[in-house]
Structure formats: structure tokens, C-alpha cells
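Enquirer: Sequence:
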Amino acid sequence: MPVATPERTTPLQITTDPEIAPSGPRLVERLNGGPAGNGWSGHNFSLETIPLLREALMLLPQPLMVTDPEMRLALTNHAWQDTFPVAAADMLPLAPVQPIIERIAATGEYGPGSSMRHAAFRKEAIRSGHRFQLERQRPGGVHLLVAGCPMPGGGYLTLLTDISAQRQSPDALALRKELEALRTANRELDRLAATDPLLGIANRRGLIRFAMAEAARLGREGGSCALMLLDLDHFKAINDRHGHAGGDLVLKAVAATLRGALQEGDHLARHGGEELVALAPGAGAAQGHEIAERLRAALAHTPVVLPTATLGVTVSVGVTVWQAGEGFEEALMRADQGLYLAKRAGRNRVVYVPA
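Residues 1173 to 1527 in the numbering used here are what the sequence shown spells out, letter by letter.
Warning: the hint list may mix true and false statements.
[Claimed, not checked] Simulated restraints on C-beta separations:
1. 1247 - 1311: 54 to 64 Å
2. 1482 - 1519: 11 to 21 Å
3. 1310 - 1370: 48 to 58 Å
[To be verified] Subject to a maximum C-alpha distance of 25 Å in a straight line, what follows is the list of computed DSS-like cross-link-like pairs (lysine-lysine):
4. 1408 - 1424
5. 1515 - 1408
6. 1515 - 1424
Keep in mind the hints are simulated off the structure, nothing from the lab. Yeah, the Cβ is synthetic: ideal placement off N, Cα and C, and Gly gets one too.
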């Protein structure tokens, strides 16, 4: 059966005070008091649900404040605490709400005009249980819908909602969309500038960018990063026999195989020509050698299918450990030494060079 709600005992009141409601007249009504004042008496909450309800209120994106019947602070959620510059010591439970409102008013938060009048309006609404709704603009330009209403068993709720999007002019909305489209396009251009167009992996610019980020991480956290320099064996012969188009297909297949053999968080980039660089942040000597061997084996066991032939492709790998305190190029030179030794030893092998 529906829960009956009492009749309103006072007519709706309208505030036209330009300082309180600068956007025009706003509804200000007083509802009949009592435990069923707004028809919520049919909702019964067990003691077990109260902590859950409180947590839900704390996580709401809209700032809210609840005061008790004695005009003391009962609850402010995270959004409220992030919005208003009030010291945490002044926002403790059961703190008087009047000084809090006055401090917020003194910052100019409630808009132009008398801060005392703004504070008095809000304090009176809470004290007398007036329900109100008004729009105002924050000093930073955000448009807010402010609603205050009495609680069924006493106390008062104030809720703020950001309505900036609804209050923007069509021109402002169009500009906002254009700026977002421009940012998206710039991000895509930035990604393309750091990506090899043939292989779909990072190019040298992308490699340098990742190396700078990894150098910063090593500086902050210490540790190590396994660095591998890979070179396709006999790639010139592949190009000579199957043409540059065939060579390109081989490079694409090799890049796809290597990406599949790397773990999430590892990085693969084209260093130039048929040379590739792989980095494994956090890996030491033993793990780096293991990763390099896994890459070598993955290529050795994955034939490359061309329109005119099926090829077996192998790779030689030089691997080292890049440590905190040394530059990327220094570590890369060691990996290059390992690659040279792997080629001299007969190719299709991994050579580790210690730091």
C-alpha cells in the first residue's frame, strides 16, 4: 500500500533576492515537519545497511552536507571536502555548521554581494527547514545547482550538482568539441610520429621516448632493465632473392612473432633497417637471457610464408642489463657487442655481455 504523505501546511515561497538567486526567482518552500515530512517513512533500513549507505553517500560525485537537528555537522562526503577550502579540523562530526558556512561565504564562494547575507540565507534554511533550489556560479566558472531539503527525522541535506554543460552556450559547446577533436588528433599524430608505419611497433623516436621513461624509473626505484639488440640473419640475401616487397613481409612477420613472445610491459622497437630493440623493465641478467632465448626460439620455429616461398628466418641477439646510474646508449653499446659476437659465432644465437 502506498505511504500517504501529509498535506503541505504552508504555500510555496519564492526568493527573488538577486544576491541569493542571481539567475532569477527560485523556489523556496517549507514542508510540514514530522517524521513522515516528505514521504520517506516507508523506507526501513536495518542497522547492517547503515555503513553501506554511508559509504555510498561518501562516494557520490555530487558534494553533499548533512546536518543534525541541532545544526551540527553530521556528514560531508569526499566531493564536498574536495570542493570547499575548510580545514579538516573544522569539519569534524558534531561541529557547529554556522561557522563553516560563514567561512565558506567569506571566500566569495557563494557569489558576489554580501557574504553575510549569503551565509544568513543558508543558515536560516537549515534552521527553519526550508526547502530551496538555486543556481550559482563558482569563482572558477563552474555552474552549480544547489538544493537544500529537510530530512524526514530532523536535520538537513544540502546537495550540489555541476550543471556547467547545460549552461554553456552553443558556441562554447561547439568550441569544446572542436578542442577535444584537436586534442584527439594531436594524440594520434604523436602516436604515429613514434610508430614505424611498416611494422606497427615503435620507431627510433618511440624507442628514445620509452628509454627516457625507463631511465627515470631506474633513477627513482633502482633495479634493472634487460636490453636486447636483435638482427635478422642473412636479411640482405632475402631482399636480393625476394625483392624489397618480400623483405618487408618478412620484417612484418618477424615483428608480429616477437610481439607475441614478449610479455605485457615489455617494449619492442625498430632501431633501424632489420635491427630491433627489446626492453624488459625489471629483468636481471638471468631473466634477460631467458627472454632473449625465447625470442630467438620463437622466430626459429615460425616459418614466414611469402606468396612465392616459405622461409625459415633466424635472428642473432646481444643482451645486457641496463642498470640505474648509466645511460641508455652505454647499455645499448654493450648489447651491440653481444650481437657482434653472436654473428661471429655462427648466428641464430644469444650472447650476453655483463655490465
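Enquirer: Compare the structure with each hint and give your call.
Expert: Against the structure, the hints:
1. 1247 - 1311: 54 to 64 Å: With Cβ atoms ~25 Å apart, the hint is violated.
2. 1482 - 1519: 11 to 21 Å: Holds, at about 20 Å.
3. 1310 - 1370: 48 to 58 Å: holds, 51 Å
4. 1408 - 1424: holds, 16 Å
5. 1515 - 1408: Roughly 14 Å separates the two Cα atoms, so the pair holds.
6. 1515 - 1424: It holds: about 22 Å lies between the C-alpha atoms, which stays within 25 Å.
Hint compliance for this structure: hint 1 alone is broken.
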